[in-house]
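Number of protein chains: 2
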Amino acid sequence: MADLIDDLRASLPDGAVLTDPDLLRGHQRDEADLCEYGMPAVVVRPRTTGEVAAVIKIAAARGTPVVPQGARTGLAGAANAVDGAIVLSTAAMDRIVEVDPVNRIAVVQPGVVNAALAAEVGRHGLRYPPDPGSWESSTIGGNVATNAGGMCCVKYGVTAEYVLGLEVVLASGEVLRTGRRTAKGVAGYDLTRLFVGSEGTLGVITEITLSLRPAAEESLTLVAVFPSTAAAGAAVAAISARGLTPSLLELLDQTHLIALEAYRPMGLRTDAKALLLAASDTGPRAAADLERIAALCEEAGADEVYAATDAEEAAALLQARRNAHGAMEKYAAEAFPHGNGGLIIDDVAVPRSALAALLDGTEKIAAEHGVAIGVVGHAGDGNMHPNIVVDRADPASVAQCRRAFDDIMALGLSLGGTCTGEHGVGLLKRAWLAEEIGPVGLAVHTAIKQALDPAGLLNPGKVL
Amino acid sequence: MADLIDDLRASLPDGAVLTDPDLLRGHQRDEADLCEYGMPAVVVRPRTTGEVAAVIKIAAARGTPVVPQGARTGLAGAANAVDGAIVLSTAAMDRIVEVDPVNRIAVVQPGVVNAALAAEVGRHGLRYPPDPGSWESSTIGGNVATNAGGMCCVKYGVTAEYVLGLEVVLASGEVLRTGRRTAKGVAGYDLTRLFVGSEGTLGVITEITLSLRPAAEESLTLVAVFPSTAAAGAAVAAISARGLTPSLLELLDQTHLIALEAYRPMGLRTDAKALLLAASDTGPRAAADLERIAALCEEAGADEVYAATDAEEAAALLQARRNAHGAMEKYAAEAFPHGNGGLIIDDVAVPRSALAALLDGTEKIAAEHGVAIGVVGHAGDGNMHPNIVVDRADPASVAQCRRAFDDIMALGLSLGGTCTGEHGVGLLKRAWLAEEIGPVGLAVHTAIKQALDPAGLLNPGKVL
Numbered sequence: 008m009a010d011l012i013d014d015l016r017a018s019l020p021d022g023a024v025l026t027d028p029d030l031l032r033g034h035q036r037d038e039a040d041l042c043e044y045g046m047p048a049v050v051v052r053p054r055t056t057g058e059v060a061a062v063i064k065i066a067a068a069r070g071t072p073v074v075p076q077g078a079r080t081g082l083a084g085a086a087n088a089v090d091g092a093i094v095l096s097t098a099a100m101d102r103i104v105e106v107d108p109v110n111r112i113a114v115v116q117p118g119v120v121n122a123a124l125a126a127e128v129g130r131h132g133l134r135y136p137p138d139p140g141s142w143e144s145s146t147i148g149g150n151v152a153t154n155a156g157g158m159c160c161v162k163y164g165v166t167a168e169y170v171l172g173l174e175v176v177l178a179s180g181e182v183l184r185t186g187r188r189t190a191k192g193v194a195g196y197d198l199t200r201l202f203v204g205s206e207g208t209l210g211v212i213t214e215i216t217l218s219l220r221p222a223a224e225e226s227l228t229l230v231a232v233f234p235s236t237a238a239a240g241a242a243v244a245a246i247s248a249r250g251l252t253p254s255l256l257e258l259l260d261q262t263h264l265i266a267l268e269a270y271r272p273m274g275l276r277t278d279a280k281a282l283l284l285a286a287s288d289t290g291p292r293a294a295a296d297l298e299r300i301a302a303l304c305e306e307a308g309a310d311e312v313y314a315a316t317d318a319e320e321a322a323a324l325l326q327a328r329r330n331a332h333g334a335m336e337k338y339a340a341e342a343f344p345h346g347n348g349g350l351i352i353d354d355v356a357v358p359r360s361a362l363a364a365l366l367d368g369t370e371k372i373a374a375e376h377g378v379a380i381g382v383v384g385h386a387g388d389g390n391m392h393p394n395i396v397v398d399r400a401d402p403a404s405v406a407q408c409r410r411a412f413d414d415i416m417a418l419g420l421s422l423g424g425t426c427t428g429e430h431g432v433g434l435l436k437r438a439w440l441a442e443e444i445g446p447v448g449l450a451v452h453t454a455i456k457q458a459l460d461p462a463g464l465l466n467p468g469k470v471l
Numbered sequence: 008m009a010d011l012i013d014d015l016r017a018s019l020p021d022g023a024v025l026t027d028p029d030l031l032r033g034h035q036r037d038e039a040d041l042c043e044y045g046m047p048a049v050v051v052r053p054r055t056t057g058e059v060a061a062v063i064k065i066a067a068a069r070g071t072p073v074v075p076q077g078a079r080t081g082l083a084g085a086a087n088a089v090d091g092a093i094v095l096s097t098a099a100m101d102r103i104v105e106v107d108p109v110n111r112i113a114v115v116q117p118g119v120v121n122a123a124l125a126a127e128v129g130r131h132g133l134r135y136p137p138d139p140g141s142w143e144s145s146t147i148g149g150n151v152a153t154n155a156g157g158m159c160c161v162k163y164g165v166t167a168e169y170v171l172g173l174e175v176v177l178a179s180g181e182v183l184r185t186g187r188r189t190a191k192g193v194a195g196y197d198l199t200r201l202f203v204g205s206e207g208t209l210g211v212i213t214e215i216t217l218s219l220r221p222a223a224e225e226s227l228t229l230v231a232v233f234p235s236t237a238a239a240g241a242a243v244a245a246i247s248a249r250g251l252t253p254s255l256l257e258l259l260d261q262t263h264l265i266a267l268e269a270y271r272p273m274g275l276r277t278d279a280k281a282l283l284l285a286a287s288d289t290g291p292r293a294a295a296d297l298e299r300i301a302a303l304c305e306e307a308g309a310d311e312v313y314a315a316t317d318a319e320e321a322a323a324l325l326q327a328r329r330n331a332h333g334a335m336e337k338y339a340a341e342a343f344p345h346g347n348g349g350l351i352i353d354d355v356a357v358p359r360s361a362l363a364a365l366l367d368g369t370e371k372i373a374a375e376h377g378v379a380i381g382v383v384g385h386a387g388d389g390n391m392h393p394n395i396v397v398d399r400a401d402p403a404s405v406a407q408c409r410r411a412f413d414d415i416m417a418l419g420l421s422l423g424g425t426c427t428g429e430h431g432v433g434l435l436k437r438a439w440l441a442e443e444i445g446p447v448g449l450a451v452h453t454a455i456k457q458a459l460d461p462a463g464l465l466n467p468g469k470v471l
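Top line first, the protein sequences correspond to chains C and A. Just so we're aligned, residue 8 is where the first sequence starts under this note's numbering, counting upward by one. Just so we're aligned, residue 8 is where the second sequence starts under this note's numbering, counting upward by one.
Chain C on its own, in the form it takes in the complex:
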């Protein structure tokens, strides 16, 4: 151990090799529940690609596992430490290397925070759309490693769609460059996409070339309130079937509405079973698009449909949606007497046509297992987050919630869906990944992992 630390200290600048026990404990895990985590031997904070390569070479020579970490806001345990590992934090690699407005490109180090990039490209009249819930604290490197989603995806797609090229330190310590700076390119295998979403198991991302979009236009927002979640799901399917592409189409169920009103009261209707929040940013035709969406919500059985009267009200509604997670955590914490109440956050995506069935089925699962489940999510993508309220102090409650969680996964797959729409596999969904992709898919995953990391030192135990 001392040797490992000595080797690292000899290769990295002062202050980049950290062994303080409190700090190590702070780097054990991300925000996922139900996932194991160990105690790292050391946390390193390199600033350059060369320093990352030096760390990986030391790890390779000694057979020490390496766990890459961004801001540890992940929700699948993909950043959890294993015992004795080197935790490689990219937090100090936080430089925006370049913003190129003519080619609409940004080049960044992995530790750049999503919100910092959004602000910087905004100064150039550009936009980096991906907006995971954690965008104010999560890093681009973490977003890329998990292929993060967000509310923009229904119209603007996920992180992967903005990654043109990568610099990656491989398990050997060699530096690979993938992709390009051009708008198009088909030279060789798509290694960029292979690393995006691979959760640190194939290499450590040290630089990212991103494509940008022109600045967003102002959008108009509406709210539709439904007497059942299934009716809200039917509205989403109808909107999709008519070829409408809102810039936002989010769902909050009654549990979340109640939690939000308790958290930051703003007059949301807590008697409603579901609320859809829709926006359109199509400029001169946004009002007409929202009118069509409103009509489809009414046809699907909405009790009430209203437009935000001004930008301020629209922003408040968007903020309420962003607050849903925090509100629900508070709701869960208070659901049990000892402050041990918590939230098990799930993530499942189904074809939009199956959204109503997913919502219906989740209600049945909650009733069957006698647990409270609040559902919130990106309805326009069929991507829902069923959030299960758990008493962390009570093993019976945890077991009950775990069963409900598994039943939701099984339901999602049975509806033609996937076990993770945007949070990733990490530790939390390994069994469900295997179920989803089957033995041949798993064998191909294993063959690729083996080809790129034969010693299995990069983020061991994650994904596979």
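It cannot be assumed that every hint is accurate.
A pair holds if it fits inside one copy or across any two, identical chains being indistinguishable in the list.
What the hints assert, rightly or not - Straight-line alpha carbon distances no greater than 20 Å define the calculated SDA-like cross-link-like pairs of lysine to any residue that follow:
id, residue 1, residue 2
1, K162, R134
2, K162, D107
3, K162, E38
4, K456, S179
5, K64, A450
6, K162, P136
7, K162, Y44
8, K64, V447
9, K64, P446
10, K162, P108
11, K162, R220
12, K162, T252
13, K337, V89
14, K162, P221
15, K162, E224
16, K371, R32
17, K371, G423
18, K280, A269
19, K280, L25
It is worth saying that the hints were derived from the structure and are not from the lab.
Please arrange chain A on chain C, whose structure you already have, making use of the hints.
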């Protein structure tokens, strides 16, 4: 050999195993120049995934190479046969399995022709945007295997962006399913993207799940005529820098204008050095967008800018662009007395800001080598096709053109570009791929190929 044919006949239906020598000769190669090709032992035309798997298992057992072919419209030699190979034609796998308007998805066999899919989804009010030049004859399987582009890409992206999932027969004969039917999903490595553009070297694609878009809206079209290609390139950079996203932004140089007027006269200005064709499909704001594009063209030095007066004129202009390839082939054929004139079609993409430098540099290369080079392409993507006129009967001419071709590749890379924007690597660009991705990139490619096709039987010699 007889054993191979017997084995195949025993596993495939009548008529699916073809050995007629004329037919074999017809399946030796695609449309690329400068690429070697061999004589296959047999051509098979399976209709089902099970039949493809049977063929691959026979090939694996005997160590016989397999070359997958679609419509053989490729321009990089990726479909060229090797001696003694089984050519696996997907032409008979031409079923559109499903069109799902609610989820905006189509499921197709690989032999479905692009135009046939476009027509079918059009009947559902949907659109499959990718439109390679070969769209009336090329297959979706070939489009996916090469990650084909087209004129839509400047706004709607390349083929890869529409592929949600694949069914692939692996080198072992096992059947892999990748991807999903959902709008979002991050379960495991992105195997879908690994197979897209892998040119048949990692597996045989037997079914494709595609995402679709709502039907296209009517677009408005304008023409800008320039006194130099560099001025046209500067206009493209300015359009991009101002955040405008036309639905079409194509360039034709003087050689192509002359060739087109000789082919199908329509009053194009043959005295111009370059013509830009731009369109906008943003509905109520299309006219305003085109006005801004027109102003930027004028600022960049356009001699003349005019809008198509009606849909008919717009369609004629688009057809002229589509005819450019045929017109240039005729021009090349007639450039030499013995009917031996031909065209070496190149494909290079650079950052949009470097387009003017690419066009300028290509003119210099033509002058230096004393060859005629016409340039046409997807200016909005920085993706150009420098087409070199060659006397196929004269080895000195072929050698001269090859040198010009290589100089264009080197120029493209020196400008931060890629050796292929949309045609792929095949046989034609192997050396340039190696140059572009470097030894580490090549080693990773080789490791992945080795992991998935250890015996090297799938489309041997292509890409790597």
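Hints and how they fare:
{"no.": "1", "hint": "K162 / R134", "in the structure": "both (14 Å within a copy, 16 Å between copies)"}
{"no.": "2", "hint": "K162 / D107", "in the structure": "between (24 Å within a copy, 19 Å between copies)"}
{"no.": "3", "hint": "K162 / E38", "in the structure": "neither (27 Å within a copy, 37 Å between copies)"}
{"no.": "4", "hint": "K456 / S179", "in the structure": "both (13 Å within a copy, 18 Å between copies)"}
{"no.": "5", "hint": "K64 / A450", "in the structure": "between (28 Å within a copy, 18 Å between copies)"}
{"no.": "6", "hint": "K162 / P136", "in the structure": "both (10 Å within a copy, 16 Å between copies)"}
{"no.": "7", "hint": "K162 / Y44", "in the structure": "neither (36 Å within a copy, 45 Å between copies)"}
{"no.": "8", "hint": "K64 / V447", "in the structure": "between (32 Å within a copy, 16 Å between copies)"}
{"no.": "9", "hint": "K64 / P446", "in the structure": "between (33 Å within a copy, 18 Å between copies)"}
{"no.": "10", "hint": "K162 / P108", "in the structure": "between (22 Å within a copy, 17 Å between copies)"}
{"no.": "11", "hint": "K162 / R220", "in the structure": "both (12 Å within a copy, 11 Å between copies)"}
{"no.": "12", "hint": "K162 / T252", "in the structure": "both (6 Å within a copy, 16 Å between copies)"}
{"no.": "13", "hint": "K337 / V89", "in the structure": "neither (30 Å within a copy, 66 Å between copies)"}
{"no.": "14", "hint": "K162 / P221", "in the structure": "both (14 Å within a copy, 12 Å between copies)"}
{"no.": "15", "hint": "K162 / E224", "in the structure": "both (13 Å within a copy, 17 Å between copies)"}
{"no.": "16", "hint": "K371 / R32", "in the structure": "neither (39 Å within a copy, 63 Å between copies)"}
{"no.": "17", "hint": "K371 / G423", "in the structure": "within (19 Å within a copy, 56 Å between copies)"}
{"no.": "18", "hint": "K280 / A269", "in the structure": "within (16 Å within a copy, 68 Å between copies)"}
{"no.": "19", "hint": "K280 / L25", "in the structure": "neither (49 Å within a copy, 63 Å between copies)"}
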